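**Student:** Letter by letter, the chains look like this.
Protein chains: 2
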Amino acid sequence: MVKQVYLDKTPLDLAQKRWFQALESAHFFRTVPESVPTTEAFERVTAAPVVAARAVPHVRTSAMDGIAVRAAQTAGAGLDRPLGLRRGRDFVWVDTGDNLSPDFDAVVVIEALDFADEEAVELRQAAFPGQNVRPEGEDFAEGQTLLAAGQRLTPEAVAACLAAGVLRVEVVRRPSVFVVPTGSELTSPLEALPPGKYPETNSALFLGYLRRWGAQATLHPLIEDDPTSIANAVSRGLDEHDIVLVNAGTSKGREDLTASVFERLGQVQVHGVSMHPGHPVVLGVARNKPLVGVPGYPVATWATLEQFVLPLLEKYYACPLQSRRTLSGTLERSVHSPLGEVEFVRVRLERVDGGVRVHPLTGKASALSSLVQADGVLDVPAALSGYAQGESVPVRLLHNGRPVFEREQNDG
Amino acid sequence: MVKQVYLDKTPLDLAQKRWFQALESAHFFRTVPESVPTTEAFERVTAAPVVAARAVPHVRTSAMDGIAVRAAQTAGAGLDRPLGLRRGRDFVWVDTGDNLSPDFDAVVVIEALDFADEEAVELRQAAFPGQNVRPEGEDFAEGQTLLAAGQRLTPEAVAACLAAGVLRVEVVRRPSVFVVPTGSELTSPLEALPPGKYPETNSALFLGYLRRWGAQATLHPLIEDDPTSIANAVSRGLDEHDIVLVNAGTSKGREDLTASVFERLGQVQVHGVSMHPGHPVVLGVARNKPLVGVPGYPVATWATLEQFVLPLLEKYYACPLQSRRTLSGTLERSVHSPLGEVEFVRVRLERVDGGVRVHPLTGKASALSSLVQADGVLDVPAALSGYAQGESVPVRLLHNGRPVFEREQNDG
Numbered sequence: 417m418v419k420q421v422y423l424d425k426t427p428l429d430l431a432q433k434r435w436f437q438a439l440e441s442a443h444f445f446r447t448v449p450e451s452v453p454t455t456e457a458f459e460r461v462t463a464a465p466v467v468a469a470r471a472v473p474h475v476r477t478s479a480m481d482g483i484a485v486r487a488a489q490t491a492g493a494g495l496d497r498p499l500g501l502r503r504g505r506d507f508v509w510v511d512t513g514d515n516l517s518p519d520f521d522a523v524v525v526i527e528a529l530d531f532a533d534e535e536a537v538e539l540r541q542a543a544f545p546g547q548n549v550r551p552e553g554e555d556f557a558e559g560q561t562l563l564a565a566g567q568r569l570t571p572e573a574v575a576a577c578l579a580a581g582v583l584r585v586e587v588v589r590r591p592s593v594f595v596v597p598t599g600s601e602l603t604s605p606l607e608a609l610p611p612g613k614y615p616e617t618n619s620a621l622f623l624g625y626l627r628r629w630g631a632q633a634t635l636h637p638l639i640e641d642d643p644t645s646i647a648n649a650v651s652r653g654l655d656e657h658d659i660v661l662v663n664a665g666t667s668k669g670r671e672d673l674t675a676s677v678f679e680r681l682g683q684v685q686v687h688g689v690s691m692h693p694g695h696p697v698v699l700g701v702a703r704n705k706p707l708v709g710v711p712g713y714p715v716a717t718w719a720t721l722e723q724f725v726l727p728l729l730e731k732y733y734a735c736p737l738q739s740r741r742t743l744s745g746t747l748e749r750s751v752h753s754p755l756g757e758v759e760f761v762r763v764r765l766e767r768v769d770g771g772v773r774v775h776p777l778t779g780k781a782s783a784l785s786s787l788v789q790a791d792g793v794l795d796v797p798a799a800l801s802g803y804a805q806g807e808s809v810p811v812r813l814l815h816n817g818r819p820v821f822e823r824e825q826n827d828g
Numbered sequence: 417m418v419k420q421v422y423l424d425k426t427p428l429d430l431a432q433k434r435w436f437q438a439l440e441s442a443h444f445f446r447t448v449p450e451s452v453p454t455t456e457a458f459e460r461v462t463a464a465p466v467v468a469a470r471a472v473p474h475v476r477t478s479a480m481d482g483i484a485v486r487a488a489q490t491a492g493a494g495l496d497r498p499l500g501l502r503r504g505r506d507f508v509w510v511d512t513g514d515n516l517s518p519d520f521d522a523v524v525v526i527e528a529l530d531f532a533d534e535e536a537v538e539l540r541q542a543a544f545p546g547q548n549v550r551p552e553g554e555d556f557a558e559g560q561t562l563l564a565a566g567q568r569l570t571p572e573a574v575a576a577c578l579a580a581g582v583l584r585v586e587v588v589r590r591p592s593v594f595v596v597p598t599g600s601e602l603t604s605p606l607e608a609l610p611p612g613k614y615p616e617t618n619s620a621l622f623l624g625y626l627r628r629w630g631a632q633a634t635l636h637p638l639i640e641d642d643p644t645s646i647a648n649a650v651s652r653g654l655d656e657h658d659i660v661l662v663n664a665g666t667s668k669g670r671e672d673l674t675a676s677v678f679e680r681l682g683q684v685q686v687h688g689v690s691m692h693p694g695h696p697v698v699l700g701v702a703r704n705k706p707l708v709g710v711p712g713y714p715v716a717t718w719a720t721l722e723q724f725v726l727p728l729l730e731k732y733y734a735c736p737l738q739s740r741r742t743l744s745g746t747l748e749r750s751v752h753s754p755l756g757e758v759e760f761v762r763v764r765l766e767r768v769d770g771g772v773r774v775h776p777l778t779g780k781a782s783a784l785s786s787l788v789q790a791d792g793v794l795d796v797p798a799a800l801s802g803y804a805q806g807e808s809v810p811v812r813l814l815h816n817g818r819p820v821f822e823r824e825q826n827d828g
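From first to last, the protein sequence lines stand for chains A and B.
In short: position in the first sequence from 1, add 416, done, that's my numbering.
In short: position in the second sequence from 1, add 416, done, that's my numbering.
It is worth saying that the hints were derived from the structure and are not from the lab.
Note that the structure is a prediction, hence the values are computed from the model and not measured.
A hint or two may mislead.
Residues from chain B shown here face chain A by an in silico Cβ test under 10 Å; the list is partial [unchecked claim]: (1) Ala464; (2) Pro465; (3) Val467; (4) Arg470; (5) Pro571; (6) Ala579.
We put the beta carbon where it would ideally sit given N, CA and C, even for glycine.
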């Protein structure tokens with residue numbers, strides 16, 4: 417039995433920085449792009465700038481329904497001096513989007529015309545050259561940059577690419593993440609629980625968040641707290657995937673084997689971060705790929721995903737993957753946190769008279785309920801020992817779809 | 417040729433209300449739920465409350481690594497009065513999450529022990545009953561409501577359901593949306609453009625947004641501006657899908673057939689809304705299902721999706737599907753809008769010295785570029801004729817992943 421039971425308390429920002437530096441040295445972030453058909457590129461992230469292959473519109477068009485005319489010919493028209501025009505000789509009917517022949521340089525909208533039939537109209541206002549005409553390339557010029565690298569292919573970005581004749585785009589390859597759930601005390605949540613066993617449910621957190629953040633997750637079957645089994649699983653993960661996450665065994669108890677497995681296969685940059693929940697996180701690099709030992713309490717698992725895996729994936733994509741919306745509110749009950757440690761306090765929000773009340777939830781790191789019921793998170797920085805009741809505090813909003821906070825507007 | 421070329425100018429909120437009332441009368445929002453395995457329910461929306469089938473944890477467990485003891489037996493222990501305990505007789509070793517036998521009622525953490533081997537330890541502080549013990553049902557009690565109806569199955573919600581033995585959940589069935597692109601001047605963007613033809617790119621907006629908002633989109637092949645073809649397509653859509661969108665032909669030009677097709681098949685509640693872009697929108701109901709005639713300019717298509725299709729889907733799901741994040745900034749150039757009409761001004765944002773500058777983009781409704789380049793939208797309400805340069809204005813943020821505004825925090 418190991419006597420040394422204390423972990424490091426590396427500050428959160430330093431832990432991230434040290435790990436990212438090791439990954440930069442390993443060239444982990446130098447990704448090879450993937451070419452995909454534009455029509456299948458929704459929500460992917462560009463790996464290189466995208467340039468228009470043709471102008472949009474590619475020819476000059478009418479911007480309205482009406483008649484195409486020569487502006488010079490309409491010069492004298494006025495309210496009391498109607499100008500008669502004949503179809504074919506003086507004008508043609510055009511609809512919005514119609515190609516405008518070089519003969520004409522202006523369009524008069526149908527609402528501004530007097531006419532008895534389609535052959536002759538009267539105009540009571542002069543047209544100016546270019547009136548209601550969409551010039552070629554008005555929207556995008558040929559060769560213009562449509563999208564920078566690291567941009568999400570929103571619906572409108574996909575539409576713009578297709579309009580500009582870009583039928584394939586270079587996107588960042590989706591990272592493949594291998595998740596290894598461990599724990600002799602755990603069993604599948606889908607079967608009856610044998611005595612002394614608990615349902616393994618963190619896999620749902622991994623699958624759900626990795627999917628949200630654009631990664632492809634592969635789940636290893638649940639394994640026991642056995643160093644050889646864990647090492648074999650991690651090694652297989654390093655062979656076949658980009659990132660390996662082991663849950664849990666990250667502390668320093670008898671069955672906490674993750675850090676030593678990582679040390680055997682590569683280097684451990686960080687073991688223990690001064691945050692709560694999530695303190696016993698292990699960050700490593702092996703075969704130029706990131707390894708994360710993710711603490712097992714559900715809220716610690718979530719905190720590790722948010723604090724390390726999300727920034728890792730955002731750096732991989734060079735693109736933000738989740739909005740960091742915050743809201744200020746009044747703290748309804750004081751919260752305490754040890755100095756030198758970042759604390760993630762789950763809170764429920766209540767909107768009253770235009771203001772927001774912030775109610776800290778009482779759950780421990782084991783309380784999945786505190787995450788399910790939370791509207792947001794109040795981060796207590798390492799330099800503070802807490803916040804007092806009545807203080808105005810910033811709350812990071814979670815993306816849980818509780819109506820009152822997703823629907824309502826708030827000014828920044 | 418029709419002489420009457422003016423559309424209604426129904427106020428935006430009234431248009432939505434009138435259409436929703438017709439849909440309520442048609443019982444459109446009374447949806448039949450669908451039962452899915454919890455492990456496949458990520459991001460779905462609950463159709464009914466979800467109740468815990470078992471307590472979490474389902475037995476009493478140790479909350480720490482250490483030894484399980486009887487609190488009463490430790491009563492006299494103190495710093496200068498160490499209490500010797502023997503394994504088996506007085507304590508057992510436990511790891512976090514281990515089932516706690518009824519013999520013991522407290523756990524002492526390994527860090528607080530003096531011991532030479534695993535058989536005997538010394539305790540220098542009394543334990544209290546329940547210390548480091550997770551009682552049965554601490555997280556969720558059996559029968560407790562885990563999720564209300566209309567809640568999104570976030571990763572933590574899925575984990576909570578599995579922990580509580582809920583292996584299937586009742587979710588709102590994904591609405592099936594039929595999209596009918598029309599326009600004799602249009603052609604597939606994937607092939608060379610014949611003379612006088614333009615690439616049809618609004619389908620990308622429909623597919624992309626409907627997917628984001630949890631709907632299943634089916635695309636009809638592009639058809640010409642022919643009333644029989646359009647009527648046949650809409651009729652097929654009404655047979656096989658929940659919602660039918662026709663793009664475009666919604667104005668009152670020679671080739672604008674959508675409203676008359678809708679009138680033939682059902683009722684038109686609204687034709688023309690006082691908003692820009694998107695004025696010529698057509699809202700109808702046929703066979704108890706919603707019909708939308710979506711204007712053809714890309715920004716008008718987008719505005720119609722945001723203003724009518726998104727609220728329709730949110731009402732269908734009884735759950736918000738997109739966050740309404742706003743940000744205040746200083747307007748860099750005045751914007752003008754006709755009184756009585758809501759104007760959606762696409763803007764680019766710039767962060768300077770803690771403040772935000774709001775730059776209106778100049779694109780017309782035809783300018784896809786104004787959407788691609790926009791960070792947000794400034795809504796000019798019907799009651800205002802615009803905003804002056806230098807005014808503080810609220811901007812609705814778009815979800816385009818431009819780093820500076822997704823990553824940075826802003827207080828509400």
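**Student:** Hint validation: arginine 470 (chain B) versus chain A, beta carbon distance must be below 10 Å. Holds or violated?
**Tutor:** holds, 8 Å
**Student:** Min Cβ distance, alanine 579 (chain B) to chain A: is it shorter than 10 Å?
**Tutor:** Hint holds; alanine 579 (chain B) Cβ to chain A Cβ min 5 Å, cut 10 Å.
**Student:** Can the hint on alanine 464 (chain B) be confirmed by a CB-to-CB distance to chain A that is less than 10 Å?
**Tutor:** Because about 16 Å separates alanine 464 (chain B) from the closest Cβ in chain A, which is outside the 10 Å limit, the hint is violated.
**Student:** May I ask you to test the interface hint for proline 465 (chain B) with respect to chain A, counting a Cβ-Cβ separation under 10 Å as satisfied?
**Tutor:** Interface hint status for proline 465 (chain B): violated (13 Å vs cutoff 10 Å).
**Student:** Would the hint on proline 571 (chain B) stand, with a C-beta cut-off of 10 Å toward chain A?
**Tutor:** Holds, because the Cβ-Cβ distance from proline 571 (chain B) to chain A comes to roughly 3 Å (cut-off 10 Å).
**Student:** Regarding the hint that valine 467 (chain B) lies at the interface with chain A, is the smallest CB-CB distance below 10 Å?
**Tutor:** violated, 13 Å
Of the hints listed earlier, those the structure fails to meet are numbers 1, 2 and 3, in rising order.
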